[in-house]
Amino acid sequence: MSRNLAKLPSNDEVSVTVLVSVGQHPVTGRLRRADQDARALEMAMGLSDAEPRVIYAGPLNDSIEPALRGYLGMGVSELKVLRQSEQNDIVPALSAFLNATPSSVILCGSRAELGESSGLVPYQLADALGYTLVANVAVIEKVAASQAVVLQALPRGQRRRIEVALPAILAVDSASPVARQSAYAKATRGFINCVVSDTEEKDATNEWHYAPARKRPKRLKIIKATSARDRFKAAAAKAEGAGGQVLTSVTAEEGAAAILKVLKEEGVLKT
Amino acid sequence: MNDIKRRDPRAEWILRNRLHPEHSTYALTQATGRLSEWIGPTGVKRKNPHLVGFIGPAGVRRIDRSGAQSNQQNTVKAKVDIDARRLIQIDGPSAYIVVVPELPGGRFSAQDKDLFGLAQQLAAKQSEATAVLGVILSPLKDTELGDVGMDRVYFADESQCSEYDPETHLQQLTAIEREFNPLYWLFPEHTSMSADLGRRLSVKLKVRATSHLWQLDLDTLMATCRASGGASDLYRPVSRVIMALAECAEPVSDTRHEARVIDSSINAADVIKRIRNLGAVSVDPAKVALSEAEFILSGGKGITNWDAFHQLARSLGATEGASRVAVDDGHMPRDRQVGATGTWVTARVYLAIGISGAIQHLQGIQACDKVIAINTDPGCDMIKRADLAVILDSSELIQSMLDQLQQSQVEVQHVA
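Same order as they appear, the protein sequences are chains A and B. In terms of our numbering, the first sequence is residues 34 to 304. In terms of our numbering, the second sequence is residues 268 to 683.
It is worth saying that the hints were derived from the structure and are not from the lab. Glycine is no exception: its CB is placed at the ideal position from the N, C-alpha and C atoms. Mixed in with the good hints, there may be bad ones.
What the hints assert, rightly or not - Part of the chain A face toward chain B, derived, beta carbon under 8 Å:
#1 Arg144
#2 Ser150
#3 Arg222
#4 Thr281
As the list claims (entries may be wrong) - Straight-line Cα separation of at most 20 Å, SDA-like style, residue types lysine to any residue; simulated pairs:
#5 A:Lys297 - B:Leu669
#6 A:Lys257 - B:Arg523
#7 B:Lys312 - B:Ser361
Isolated chain A (complex conformation) (with noise of 0.2 Å):
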């Protein structure tokens, strides 16, 4: 499961668009390309030998440029930019563009890494353009003209198997392959181009303010004891069970068939 198992049938006109953002790298806060948005571009170059339409929507200054040329370093030469100011909100702008020239197979990451990032993108664009999503993709195993089957990833790293209709909008997850590295000759040779410059749309952000990620408070061990006696044995407590079965002087079927037992009851025994 290490590289997407599809490939596009060539005749088929299934497009694969990418959507990608700017990243930020999370010890030294450098500018960056995003890391689910890469591998969701690697994903699409894995998926044809054509190369897949790549759209940037934000605000596109110095400081960004740089961070996006990382993705066209990866071998794409073109990025589409959706030039929006820094508070408007891209869905609008980015729905109204692919409206206009639509994509079977729209990737993305799960989670932008700068601003909100509630992940509410990709939902955003799939009910505003009337696509399918799935959320936490991590394998792109067959693309057909109609209808695509996926890996998604689950939590404790289990898969589940997905059919999805196209078009379809897939959000990508931190499972998936790693993005291949970004050639610094092809990213300076690649072309930014700005397609779309800002749509007046302003956000009821005014409230909301930033601030560095203070650190979550360690949550504190209740006690609740009515004597002293009870505080201090609970303040003195090694780890204990609330009182689990004690199997002496079994044979070793019966410890076996009470084990499996359990193992089943829990769901963890698949046989």
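Dock chain B against the given chain A, drawing on the hints supplied.
Just chain B now, kept in the frame of chain A:
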């Protein structure tokens, strides 16, 4: 006999009044162990220390407050040990707060319980009677719904109850929205089903969801959310749809709730399904990271036959772990070490074979739900921690588990 303690005001009055002619007789009846403490006239609890405890071997009166070593008084007390938590019943609530728990493995996760705690805190702040409604959309194994903090509970129909079916589930949620018009919708963040549903619902309701919430000021209703992919905090007024992270509030612990099932039928419209769930895909358990594995088979010093151990892990479909001793002895690689000095695991089921449970190891498995231990020493700490413990030699038990697994596989093949 009736267990309810009844007050005898006259007897209490006589006991207080030492000059009463019958005082000595009443004091004597008390010495048999009935009334060593009583509520005084001002409502203060009074105790007679001469009447509690027992005479120790040295002839000195001893008082053991733990209740472990007592005479008849405490046995009566233990019988009357009823649930001290308040039962909260809300008849005809005027508003609702809805929680959609994730229910991984059919059980309430710690995050689900935190969300119910947050919902109850929000409900308590409302001026009118507000009920917390739990919406159960996937199969549920837990039975104590009231303890979690549900006043009302809605179960999806069996046909619509599944692990992943966002379109049908969304229809049900919108039907609930029409029916109850809840004040808030709460979803656990970073989950595969609920967080996805919450986002779908917020878009459908045209509400800008409060995502990644980790703190909520109940007075000002200002939410603190993790933004910028975790690098910053966003302070904003809370919206109707909330996706909250784990430990956003304390779970419900002082109160019990009735968890009344809503029987009024909720008519969810049918949808044309464009997403089809083809089921879980088997993942090689050996490739799953130890910290996020769901089922871990862990071995320690008590294992003599490591080949059988590996075989058992394969046939159980478990991820392998080990104690520090097993790693130091070279039986397992270092990245498989469980414990404070290795990996902190979060498995739902942890099967420990031949591990006695050093404190570092027990710290590492703190987050595990079900611990099963196999050990020869019945007094070791792992046995105390375990939900199920088997006192046996590991090699015999592994062998018979392998046999039984093989047998059941053969049976399945015969049926097929």
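Hint by hint, here is what the structure shows:
1. Arg144: This interface hint holds because 6 Å falls under the 8 Å limit.
2. Ser150: Check passed: Cβ of A:Ser150 comes within 5 Å of chain B, closer than 8 Å.
3. Arg222: violated (29 Å)
4. Thr281: holds (5 Å)
5. A:Lys297 - B:Leu669: Roughly 15 Å between the alpha carbons, so the hint for A:Lys297 and B:Leu669 holds.
6. A:Lys257 - B:Arg523: At roughly 16 Å apart (the allowed maximum being 20 Å), B:Arg523 and A:Lys257 satisfy the hint.
7. B:Lys312 - B:Ser361: Outside the cut-off at roughly 40 Å; violated.
Violation of the numbered hints given earlier is confined to hints 3 and 7; the remaining hints are satisfied by the structure.
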